[in-house]
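Colleague: Protein chains in written order, with the numbering used here: chain A, 1 to 248; chain B, 249 to 655.
These are calculated hints, taken from the structure and not from any lab test. Hints should not be assumed to be uniformly reliable.
What the hints assert, rightly or not - Calculated lysine to aspartate or glutamate pairs in the DMTMM-like style (CA-CA distance at most 20 Å, straight line): (1) A:K216 / A:D23; (2) A:K16 / B:D530; (3) A:K16 / B:E270; (4) A:K16 / B:D267; (5) B:K297 / A:D12; (6) B:K389 / B:E494; (7) A:K25 / A:E211.
As the list claims (entries may be wrong) - Derived CB-CB ranges, DEER-like: (8) A:V202 / B:K389: 36 to 46 Å; (9) B:E394 / A:I118: 35 to 45 Å; (10) B:Q316 / A:V229: 33 to 43 Å; (11) A:K216 / B:R298: 35 to 45 Å; (12) A:N18 / B:K389: 45 to 55 Å; (13) B:L277 / A:V202: 24 to 34 Å; (14) B:T470 / A:R190: 33 to 43 Å; (15) A:F217 / B:H471: 53 to 63 Å; (16) B:A557 / A:N18: 19 to 29 Å; (17) A:E145 / B:A557: 28 to 38 Å; (18) A:E162 / B:T282: 56 to 66 Å; (19) A:Q201 / B:T470: 52 to 62 Å.
For every residue, glycine included, the Cβ atom is placed at its ideal position computed from N, Cα and C.
The chain contents come next:
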Amino acid sequence: MKILVCISHVPDTTSKINFTEGDTKFDTNGVQFVINPNDEFGLTRAMWFKEKQGASVTVVNVGGPETEPTLRKALAIGADEAIRVNTEAIDGFAVAKQLAKVIEDGAYDLVIAGRESIDYNGGMVPGMIAGLTNANFVNNCISLEVEGTNVTATREIDGGKETVTTALPLVIGGQKGLVEESDLRIPNMRGIMMARKKPLQVLEPIATETETTSVKFEKPAPKGAVTLVAPDNLDELVNLLHNEAKVI
Amino acid sequence: MINSQNLEALNIIIRMKPDLFEAPDYYNLDELLTEEHRLVRDAAREWVKRDVSPIIEEYAQKAEFPTQIVKGLAEIGAFGPYIPVEYGGAGLDQISYGLIMQEIERGDSGVRSTASVQSSLVMYPIWKYGNEEQRNKYLPKLASGEWIGSFGLTEPDHGSNPGGMVTNFKDMGDHYLLNGAKMWISNAPFCNVAVVWAKNEEGRIHGLVVERGMEGFTTPETHNKWSLRASATGELIFDNVKVPKENLLPNKSGLGAPLGCLDSARFGIAWGAIGAAMDCYDTALRYSKERLQFGKPIGQFQLQQKKLAEMITEITKAQLLAWRLGVMRENGTATSAQISMAKRNNVDMALKIARDARQMLGGMGISGEYSIMRHMMNLESVVTYEGTHDIHLLITGLDVTGLNAFK
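Extracted from the complex, chain B is given alone in its bound form:
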């Protein structure tokens, strides 16, 4: 039972415990990265060690988002790293974006979720589908972390089938009237702006930027999650919200518009999951050399070695997949199906590694003194959001057979 007294004792232990993380690189993949990639990655890694690791367990236990790290996230370039410099972004390439996501998720998937949503689901559509006024109005404030954004696509009755959404808007002449509700929305409780997908009177999906303070717009928090506890999740509720006409994203409509955002976010998740897996593997490897049973380190037992050997093999494969996808995404040749494959494979890989690593730590594996069970519970969300594990499998199935299993 967590009470304030034993939580405080746990927090003291965790704050005092140094983050000893050493990133595995079994195939010398660093040689595939540029000097700038490594500088960006190492800066994010150092920042996570200094500002995230010492506090994250406490916030996950309290089920609270650590708002004090928003400024640091912006400083390391976690908010729209690939957005051009003139809009406040860093103008970096796709691999840099992936590496930043990897390092943040090495700390916590919930923190990475905040960065993913801000970058790929809020800044990306405003940059790609918005006009110049919208870009100049929103992007610099989102890049600096002054504003936090959320993304409204999923609805209570429409998850894997977003095209069935019921959220809609009517043209009232000088404004749009928005009605409906979105669910499972990261950052919702404290977002300043939300990119919301809704159908017009003809049933076509459009993106609208809804700002906090608009009458009829509320964002109740979703409580009692066992996953992504250090990230705030909520609903977006629109009850006759008057949205100014200039807040409609003019340059793309249809389901392909939100799916384009998801491609970008899923790419980041494919990298992020590697971070969570690396942290679990590194923790289990260190523990296996220190923990003695039957007079020898448990790492000397074959069943533990099997787990570790499979983990590092799977991490290495996932790294190669992510790197190659990064090259293709930078060239503009990565398909949505290729992104699906990497998201599905890498998150599944991370989840399995988290479960095996948790077993290796025995009883300690369930304790908040180690990061593994937090990663494991977080990854249950990651394997579900942005396209479930099964849906991504069917996307690959459709791609290779040409036969649609959804219809």
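Bound conformation, chain A alone:
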């Protein structure tokens, strides 16, 4: 089984968020980048398929050279090879088109993407690449078993779980549950040394059109101070709600 794991290069969850260029771009200054957590659950599950079922695992990212440390970490964790499509990841559709080309050229049986990346949280790419490559698709996937070409997957639905059967080729939008946090792997020294020799191929992008453009980013308004009103002072409460908060 040939597995492709799509890896987003995203800011660490503790990063401070700021914007530049007139609030049109994310300010990467001083920001630490990590493997997107939803992708990391998928990568760890892919390692299980590699070790127990002899699958091969390729990781891919659409992005500039600054994303290579993230791919190298995936190689140190155990992926066999890495591909970087050398273009800025501008919107979900453009990324999906690039990935679809990689999937078609590499004839992957199983594509594991995170259900969304934790930077822009678009959540579009997994469904789009399934559509573009005519593969089966399971989103919000929390468990995945493959026997030959038969697949049993469980996905999270509102208030419960749904177990489905399907077949390869398959794209999943994965998340926590594929493996647990305690299963996630820290690259060991042997892995880091082996990663030096593993191929990291840089592909030039295919021509795509960007369908959307970010016009402006805004941060949530800062929380205001709390005004306490005595329980017997209803007139003051009504006055504040009416004249200051302007909600009644």
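With chain A fixed as given, assemble chain B onto it according to the hints.
Modeller: Using the frame of chain A, we list chain B on its own:
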């Protein structure tokens, strides 16, 4: 008073408390590191957060070495990272070694001590001064953590003056007969092998590899330490120990041989101390923004800001010193005196930061709920071992004046 009941309650609090550490990098020093340096450093950092932080306070309180982390230490490359791959090492450079030590000591100086001793004081002399048979016999097992090593130089009556040692061996024809005692030896109580420095009949210092199980070799533990409590310390006692002749390290003798090991270990300590300082600073910075007094966060008071500003300045200077020393050590140009300066400066810096950070946390600063007092007590050993603070000052003094204050 620590009893088993309130210790357990403390441990539950600590295990539940996430390790929120964020490493300061005020001068963007990450730009001086390679992609592989950062990968190695981040892996060690993640491992410390996952496997050391949740348990270390409990082991320090119990005064017990957490043996379960030995395998993890080996996996992150803490045992001989710069030893060549053919002997089981990782073949990494000196800065990688320094970064690993920094991250481990961010967790605990005692754990870092175990890694320093294994790497620089046991694996290093076997690699540099041993023959091929000795390298192949010992290094792979030490790199994997299957064996733990200790280093015997200091004696009860010979600390700063190791050349005065009385431990000695006699040539008995088919073996050496070793007698004497070593003190303040990290890893001694559970070590499988010890690299021991002793004088021959002509008074020349040689290294011998002594293995556990050799008759007359015992390793009593040193109890009641207030420092490095999560690291096991002991004595190495040799009472007519028959050491096979093939266990003598053949390629270097004289006091320069053990001092060469100390250069490597002191280099690692210069980096390690930064880790302890970073943890104290990070803890104090976070606390200063959360702790309210007089209606505002204590970080808003000038005296607290002074402490924090001085801490980050000193950490940044220490980082630059360590990085530059790493470059020179990798080139083979770092002198022993340069290593002394970095060890002395960085450990002193860390100790002062630990004391200031402890004050900033007020009463909470003495509690095991925070790592600061543990670091502070650990650093009292670190400022003493591998050349005391004062001895390193005299090494710099000798280097700049050419005048020897020891004699």
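Colleague: Out of the numbered hints, which ones does the structure contradict?
Modeller: Numbers 10, 17, 18, in rising order.
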